[in-house]
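For chain B, the structure is supplied; the task is to place chain L on it using the hints.
Next come the chains, spelled out residue by residue.
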Amino acid sequence: MKFIFKFFEPNKIFLITSKAPKYVMALFVIVISIGLLEALIFSPEDYKQSHSVRIMYVHVPAAWISLGIFSSMTFLSLSGYIFKNKNFFLIAKSLAPSGFVFNVIALVTGSIWGKPTWGTWWAWDARITSMLILALFYLMYLVAWRIYEDKDYVLKVTSIITLMGIINVPIIKYSVDWWNTLHQPASINVLSKSSIHSSMLFPLLIMTAAFALFSLLIFLMKYNTELIKIKNKGLDRL
Amino acid sequence: MYGRKVKLRFFFIILFLFSLILSVFLILKSLEENVVYFQSPSDIQLLEEIKYKKIRVGGMVKENSIEVSSEKINFIVTDFKNEISVVYSGVVPNLFAEGKGVVAEGYLKDRSFFEATKILAKHDENYMPPEVNEALKEK
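Heads up: the protein sequence lines correspond to chains B and L, in order.
Each residue of the first sequence is one higher than the one before, starting from 15 at the first, in the numbering used here.
Each residue of the second sequence is one higher than the one before, starting from 1035 at the first, in the numbering used here.
Treat the hints with care, as some may be off.
Unchecked claim - Quick list of in silico lysine-lysine cross-link-like pairs, DSBU-like style, CA-CA up to 35 Å:
hint, chain 1, residue 1, chain 2, residue 2
1, L, K1096, B, K236
2, L, K1171, B, K187
3, L, K1085, B, K129
4, L, K1143, B, K207
5, B, K129, L, K1096
6, L, K1039, B, K62
7, B, K129, L, K1063
8, L, K1039, B, K243
9, B, K207, L, K1041
10, B, K129, L, K1039
11, B, K187, L, K1134
12, B, K207, L, K1096
13, L, K1134, B, K245
14, L, K1134, B, K207
15, B, K245, L, K1041
16, L, K1115, L, K1143
17, B, K62, B, K245
18, B, K26, L, K1041
19, L, K1115, B, K129
20, L, K1115, B, K187
21, B, K129, L, K1106
22, B, K62, L, K1087
23, L, K1087, B, K129
24, B, K170, L, K1063
25, B, K62, L, K1134
26, L, K1096, B, K243
27, L, K1087, B, K100
28, B, K170, L, K1039
29, L, K1041, B, K187
30, B, K207, B, K26
31, B, K165, L, K1041
32, L, K1041, B, K62
Everything labelled a hint here was simulated from the structure, so no lab data went into it.
Here the structure is a predicted model, which means the values were calculated and not measured.
Next up, chain B with everything else stripped away, as it sits in the complex:
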């Protein structure tokens, strides 16, 4: 435990996190270039929906990343609450904006895809509604950090928001299996064979990597800001 606390000294972390963004940025540009080329040009069109399948290469990774970030935020907030470590809360706080942005991207691209495919912009089915609820939880989380001046209080409020929101995450995942939904079930299964052709799976995975790198980049920038704020207040420890 002592080692961990030493590792969490803001000055030492800042040495790493202040240099990292430019490397992450470079890597992100490379990966997104490959991803976009694959997704928009080299990958084949779909047999049924033809070119509108390309929306999926943005929609699915964005949805995955927003779910992943919310889960990490919950894990960090709860660990922070249990072990009384404020650094965990700061990491969670810095992760939130990119998670929210990807959640909105997933909803908007889904809507754009839904119009030509389903014939409607919006449907109140279980998958779409639960995804909207996740966006609302993200929004509550972000707003809560701005509302409360009292630091101890804000940590509790944001932890409770993540704790309540996390219930929604498995609901989003399994909504398409539990209930009749307009949204199709998952195409990619870890255990069984995926129902997406490998020529389409490949750009999807590259785009996921690109979005993950983008989230990492935004996280590092946000986190650096938080560390600078602490330094300026003259606080040596978190």
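Just chain L now, kept in the frame of chain B:
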């Protein structure tokens, strides 16, 4: 290794999460009728009474069942156990086709006749290039 407070906080989180999951589960269970986006023809057969209320029926469009006339389109929705015939006048989505998923929104006339006011195409989870689809068909 960890203090009593840490253990208590951990226990508190577990308890909180458990009660939250339980209450959400019960809420969703009781709202199931509204959580489902559409009902299958088999669900329609099990209805106790037919109300004049907007509902959605979903399933597969039966092969060779689409009949287009000047004013309306007729087709049969099936879940391979029960069937319901649907009448609709208006524009159908591009992906609406025989053997594909469909969700019809409208009013139930009786257990086997549905008057749709809106047709949505349901996409399935299969993604593949046209050549692969051709190859699969040949098999």
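Here is what the structure says about each hint:
1. L:K1096 with B:K236: 54 Å, violated
2. L:K1171 with B:K187: Within the cut-off at roughly 31 Å; holds.
3. L:K1085 with B:K129: 30 Å, holds
4. L:K1143 with B:K207: Not satisfied, since the Cα-Cα distance of roughly 42 Å exceeds 35 Å.
5. B:K129 with L:K1096: 24 Å, holds
6. L:K1039 with B:K62: Violated, at about 58 Å.
7. B:K129 with L:K1063: It holds: about 30 Å lies between the C-alpha atoms, which stays within 35 Å.
8. L:K1039 with B:K243: 30 Å, holds
9. B:K207 with L:K1041: The hint is violated at about 42 Å.
10. B:K129 with L:K1039: Violated - the C-alpha atoms of K1039 (chain L) and K129 (chain B) are around 53 Å apart, more than 35 Å.
11. B:K187 with L:K1134: 24 Å, holds
12. B:K207 with L:K1096: 27 Å, holds
13. L:K1134 with B:K245: At roughly 61 Å apart (the allowed maximum being 35 Å), K245 (chain B) and K1134 (chain L) break the hint.
14. L:K1134 with B:K207: Since the Cα atoms of K1134 (chain L) and K207 (chain B) sit roughly 21 Å apart, the hinted pair holds (cutoff 35 Å).
15. B:K245 with L:K1041: 32 Å, holds
16. L:K1115 with L:K1143: 20 Å, holds
17. B:K62 with B:K245: 56 Å, violated
18. B:K26 with L:K1041: 30 Å, holds
19. L:K1115 with B:K129: Roughly 30 Å separates the two Cα atoms, so the pair holds.
20. L:K1115 with B:K187: With a Cα-Cα distance of about 28 Å, the restraint between K1115 (chain L) and K187 (chain B) holds, given a limit of 35 Å.
21. B:K129 with L:K1106: The given pair, whose Cα atoms are some 22 Å apart, holds under the 35 Å limit.
22. B:K62 with L:K1087: Holds, because 33 Å separates the two Cα atoms, which is no more than 35 Å.
23. L:K1087 with B:K129: Status holds; Cα separation ~25 Å.
24. B:K170 with L:K1063: 30 Å, holds
25. B:K62 with L:K1134: 10 Å, holds
26. L:K1096 with B:K243: Since the Cα atoms of K1096 (chain L) and K243 (chain B) sit roughly 64 Å apart, the hinted pair is violated (cutoff 35 Å).
27. L:K1087 with B:K100: 53 Å, violated
28. B:K170 with L:K1039: 16 Å, holds
29. L:K1041 with B:K187: 30 Å, holds
30. B:K207 with B:K26: 45 Å, violated
31. B:K165 with L:K1041: 23 Å, holds
32. L:K1041 with B:K62: 55 Å, violated
Against the hints set out earlier in the document, violations occur for numbers 1, 4, 6, 9, 10, 13, 17, 26, 27, 30, 32.
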